[in-house]
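S.K.: Single-letter residue listing:
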Amino acid sequence: MTDQQQLDLRKDAVEAGTTTGLASPSVDVTQERQNSLWSDAWGDLRRNPFFWIGAVLGLVFLLMALVPQVFARGADPRACDLGNSRGLPSADHWFGFDTQGCDYLANVVYGARNSLIIGVIAVLVILLLGVVVGAVAGYYGGLTDGILARLADIFYALPLILGALVLLRVGPSTGIPVINSRGPGAVAIALALFGWMTAMRLVRSQVIAVKSSDYVAAARAMGASSRRILVRHILPNAVAPVLVYATITIGVIIAAEATLTYLGVGLQRPAISWGLQIEAGQDSIRTAPHLVLFPSLILTMTVMAFVMMGDALRDALDPRQRA
Amino acid sequence: MTNLDLTKPTAELAAQGTPLLEVDDLRVEFRTRSGVVKAVNGVSYSLGAGETLAILGESGSGKSVSAQAIMGILETPPAVISGGGIWFQGRNVLEMSAEDQRRIRGPGISMIFQDALSSLNPVYSVGFQIGEMFRAHRGMSRKAARAKAVELMDRVRIPAAARRVDDYPHQFSGGMRQRVMIAMAIALDPRILIADEPTTALDVTVQAQVMDLLKDLQQETGMGLILITHDLGVVNEVADDVAVMYAGEIVERGTVDDVFSRPSHPYTDGLMSSVPQVEAKGGRLRPIVGQPPNLADIPSGCPFHPRCSHRRLGAEAAPGRECSTDVPPLRLVVPGREAACHYSEEVLGVRAP
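Listed in order, the protein sequences are those of chains H and G.
Residues in the first sequence are numbered from 1 upward in steps of one, following the working numbering.
Residues in the second sequence are numbered from 1 upward in steps of one, following the working numbering.
Read the hints as simulated data drawn from the structure, not as lab findings.
For each residue, glycine too, the CB sits at the ideal point set by N, CA and C.
Each hint can be trusted.
Residues of chain G clear of chain H, computed beta-carbon distances all greater than 12 Å:
#  : residue
1  : Asp25
2  : Thr32
3  : Val36
4  : Gly42
5  : Gly50
6  : Gln89
7  : Pro276
8  : Ile288
9  : Arg311
10 : Leu332
11 : Gly349
Straight-line alpha carbon distances no greater than 25 Å define the calculated SDA-like cross-link-like pairs of lysine to any residue that follow:
#  : chain 1 : residue 1 : chain 2 : residue 2
12 : H       : Lys211    : G       : Val36
13 : H       : Lys211    : G       : Leu94
14 : H       : Lys211    : H       : Leu235
15 : G       : Lys143    : G       : His170
16 : G       : Lys148    : G       : Asp216
17 : H       : Lys211    : G       : Ser34
18 : H       : Lys211    : G       : Gly60
19 : G       : Lys148    : G       : Gly222
20 : G       : Lys143    : H       : Arg228
21 : H       : Lys211    : G       : Leu117
22 : G       : Lys215    : G       : Thr205
23 : H       : Lys211    : G       : Gln101
24 : G       : Lys143    : H       : Arg227
25 : H       : Lys211    : G       : Val123
26 : H       : Lys211    : G       : Ile73
27 : G       : Lys215    : G       : Ser46
28 : G       : Lys215    : G       : Asp154
29 : H       : Lys211    : G       : Phe30
30 : H       : Lys211    : H       : Gly146
31 : G       : Lys215    : G       : Asp231
32 : H       : Lys211    : G       : Glu75
33 : G       : Lys148    : H       : Val231
34 : H       : Lys211    : H       : Val136
35 : H       : Lys211    : G       : Phe128
36 : G       : Lys143    : H       : Arg232
37 : G       : Lys148    : G       : Gly108
38 : H       : Lys211    : G       : Arg102
39 : G       : Lys143    : H       : Val231
40 : G       : Lys215    : G       : Gly50
Work out the full structure, taking the sequences as your base and the hints as a guide.
M.R.: Rendered as structure tokens:
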């Protein structure tokens, strides 16, 4: 029991006349605020080393995407000298040179921006689709739920990579803006379109669980409208698992983007992308292994950063795992 | 008339004479795969401004379901209101549009629940939740709503309201949480407050305070109060009238003093006999034998007859008053008292002073 509850009990007892108020201890009313779910979670996260590893890595990649010049040590990824082709790493050029003789560190660093843009956009679209469709299906139930849940099942039957591959392949021949460009937007939308179902199911099941809680009945008894109940009372209590899922999914999407690009349907040259670098480097893996090693390493660390943050967040939001 | 005037204080309406709420032959069923559960079977009552009606009954007697039907918060399906009417200020709530029904909830009829902790949203501060009543129904700004919340918390006697307005429900003790709940329920000066076992989750000293608070608030605002409970002590302290429910029906109705001192239905009689008496130290309590009926399979005739010590079956029954076949109607036994028993006079006689 918290101190405040003790105080309340005391007050209850005093009012009921079972205890005298005079003997009650003088309590400092300006005591620090107590914890809510999120501040508890934050307290837990702070003590989790995996969260910090993930967060620091994630921050580094974020900065890399925002200000690549700083990390590239002033080198321009497009300033190439064929004389340096496949040059090995050195003190001046930490990651060596690629086949065209461009500074490889600069190239790898500049690749972070596209990966993060695609990861974030795709996850935002996934969240939007997942939360809206899941909340509507879970809250209204019945036929609405049946149709939306089956729709999600149909999308589930299509593998993420295969679905995105086909969409990007036929994209340029359609007149739909963004999709026909093969730019980061098209890749993000293709991945989101075939990856929103898990978020939808999470939201749907959470909404169904929260819907029958007493405070939702209470809100209805006080005259709250359906929309208000769904948006104000159900969703805030249903989003925690979805946030965890979204964090992990940023990592998964970044890996999927690299896969699509590697397969040749994602970003196209002259865009700078880790997938393109791995694809270009694989031919010379025996003579210049660093061309595959560095982008792969950075890609793996990026994915790991988001997965670690998501895992830590999940542990922090689950009170049963709290000591 | 599409809009009810809910702006006038309740006290002004008291003089007009029409009851605030009339429930007539209300029937609620739960249609489940394993059969139809008849939770409420023809309940009627009315409530005027400033009156307190206690609905007394054991678990599964339909008392909460009838209240939820009035509030319009039954889960449908499986619940279905299969008959009867609910008139709020002369208008049948069941025939209103969903939106009109919603408008009544809050300023017209409001409700407090048994478990205040689970009835408060854990992610919002109590001030925000109390203030939501004003924002949603009156379109107030956040700041004004918060100020109103502090005012209300003061009114329900939450100490240091201004400081605690931003605290979360789990930071309050049980009694304080129930006060928060009450503050929300009375925020818009409802005509009627339904309290569904408001003190069951609280310990005895806190129970008394919460009931006192409800009584005081009722005196201030003149609202009608429906108190749903299985606690005989609470009924005795607070209510004017009491309706005793059994198997989804009202089996006895009258003023609290009358019903408690001279029950005219064998079930009420059984309830009174099962209350421990300080004077009868060492004696045995007289329990009501048997189990409450399964609402999917209510006994024929009088639903209480399998457990009744006054029942008359077969040849010993008066014509038309055979307990296992003839359903006893709720009828006037003595002035001001109704009971649904063929042999109420007999039951009354047993207990006569």
